[in-house]
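A.B. asks: Sequence:
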Amino acid sequence: MGEASDPVTVLLDNEQYVAIMFGLFSAFLFLFIISLRNKEFETYLFLVAPIIGVTISMLSIKYIKTAIYYISVFLDFPMSFIEICLYVQFINFVARLIRKNNAERGSKYMAIEFIITFPVLILSFFLIIAVFNSEKFNFGHGLTLGAIAFCFIYSIVTDNGTLIDVSLLLFKVALILVQVLANVDPMAIKITRITLVLISVISYNFKFDEQEYQPKVIEACIKVVDESCIPNLCISFTLATISYVFLSPNAFIKLHPRVSNLQIFTYPIVFIFYLINEVLYYHTFKTPSSLKSLQ
293 MGEASDPVTV LLDNEQYVAI MFGLFSAFLF LFIISLRNKE FETYLFLVAP IIGVTISMLS
353 IKYIKTAIYY ISVFLDFPMS FIEICLYVQF INFVARLIRK NNAERGSKYM AIEFIITFPV
413 LILSFFLIIA VFNSEKFNFG HGLTLGAIAF CFIYSIVTDN GTLIDVSLLL FKVALILVQV
473 LANVDPMAIK ITRITLVLIS VISYNFKFDE QEYQPKVIEA CIKVVDESCI PNLCISFTLA
533 TISYVFLSPN AFIKLHPRVS NLQIFTYPIV FIFYLINEVL YYHTFKTPSS LKSLQ
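Using our numbering, the first residue of the sequence shown is number 293, and each one after it goes up by one.
Please note that the accuracy of each hint is not assured.
[Said to hold, decoys possible] Straight-line C-alpha distance at most 27 Å; calculated BS3-like pairs for lysine-lysine:
id: 1; residue 1: K357; residue 2: K546
id: 2; residue 1: K392; residue 2: K482
id: 3; residue 1: K357; residue 2: K482
id: 4; residue 1: K482; residue 2: K428
id: 5; residue 1: K331; residue 2: K482
id: 6; residue 1: K546; residue 2: K428
[Unchecked claim] Ranges of calculated distance between the beta carbons of each label pair, as one might list FRET restraints:
id: 7; residue 1: I564; residue 2: I325; range: 28 to 38 Å
id: 8; residue 1: V300; residue 2: F373; range: 20 to 30 Å
id: 9; residue 1: P370; residue 2: R329; range: 42 to 52 Å
id: 10; residue 1: A441; residue 2: E334; range: 49 to 59 Å
id: 11; residue 1: V300; residue 2: I407; range: 44 to 54 Å
id: 12; residue 1: K392; residue 2: I414; range: 37 to 47 Å
id: 13; residue 1: L435; residue 2: Y309; range: 14 to 24 Å
id: 14; residue 1: N330; residue 2: P478; range: 43 to 53 Å
id: 15; residue 1: F498; residue 2: P370; range: 15 to 25 Å
id: 16; residue 1: A480; residue 2: I561; range: 26 to 36 Å
id: 17; residue 1: R329; residue 2: I448; range: 27 to 37 Å
id: 18; residue 1: P299; residue 2: A474; range: 44 to 54 Å
id: 19; residue 1: A474; residue 2: F431; range: 14 to 24 Å
Since the hints were made in silico from the structure, they are not lab data.
The beta-carbon is built from N, C-alpha and C at its ideal position, and this holds for glycine as well.
Generate coordinates for the entire structure from the input sequences, incorporating the hints supplied.
C.D. replies: Right under this line is the structure:
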């Protein structure tokens, strides 16, 4: 069956579907911008704004197709970068939570670590080996896998936590490499990749236990946000990002080489940045000398 008969392709190319997703994205983005400006609004706007956005988008469907194309070209990688940061933050949190419980409760949580790590590693290596193509495998791909190998070694040598975070990092990269190297994207892999994307986006609403170690993406762009606006900000950001995931297939659903290769290269860079951030945080807040200086 050709790609044109793929039900996912048919849906993504449907004008009504595109108009609906663009209306949702525009509405939630508008609410997000309002939240950034410390403007409070009632919860019912999360229902009213999308209805208005979708209605306007459907009425002007013939005029927004070109606009949607250029918007997606401009935003594909920035939105991908935000998702990458959230995914790395989420897997770091999961790995360190399990490490903390390992130290406090013994072998039960160590078993959880092994149950997660080794199957994920085996599946990741299987995916990469199964689709390996020397003609499409380039220097950048090798550099990416080398950087992930460095992260493995670093975690083992420094006892930086568990290997769960690095294995999940490799797994996400492997899911993208399948499409890049084999030029195929089986439905199971597509669903798995999109599920991980949605989990990482939704995780922005999670409460992390270390208050000093919360390098959240949006917080880096905000100087002062009223506490009363934070719930609306988080919800509108999450809904706008999810809408964009289903609006622009090139970034998340049907990966375009222009975007997917940048994603592959960016994952280990962001992960290493988080490792450096953790090291700096540890030496600032957790070493005996730093604890003494803070007293």
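A.B. asks: Output the numbers, in ascending order, of every earlier hint that fails for this structure.
C.D. replies: 2, 5, 9, 11, 12, 13, 17 and 18
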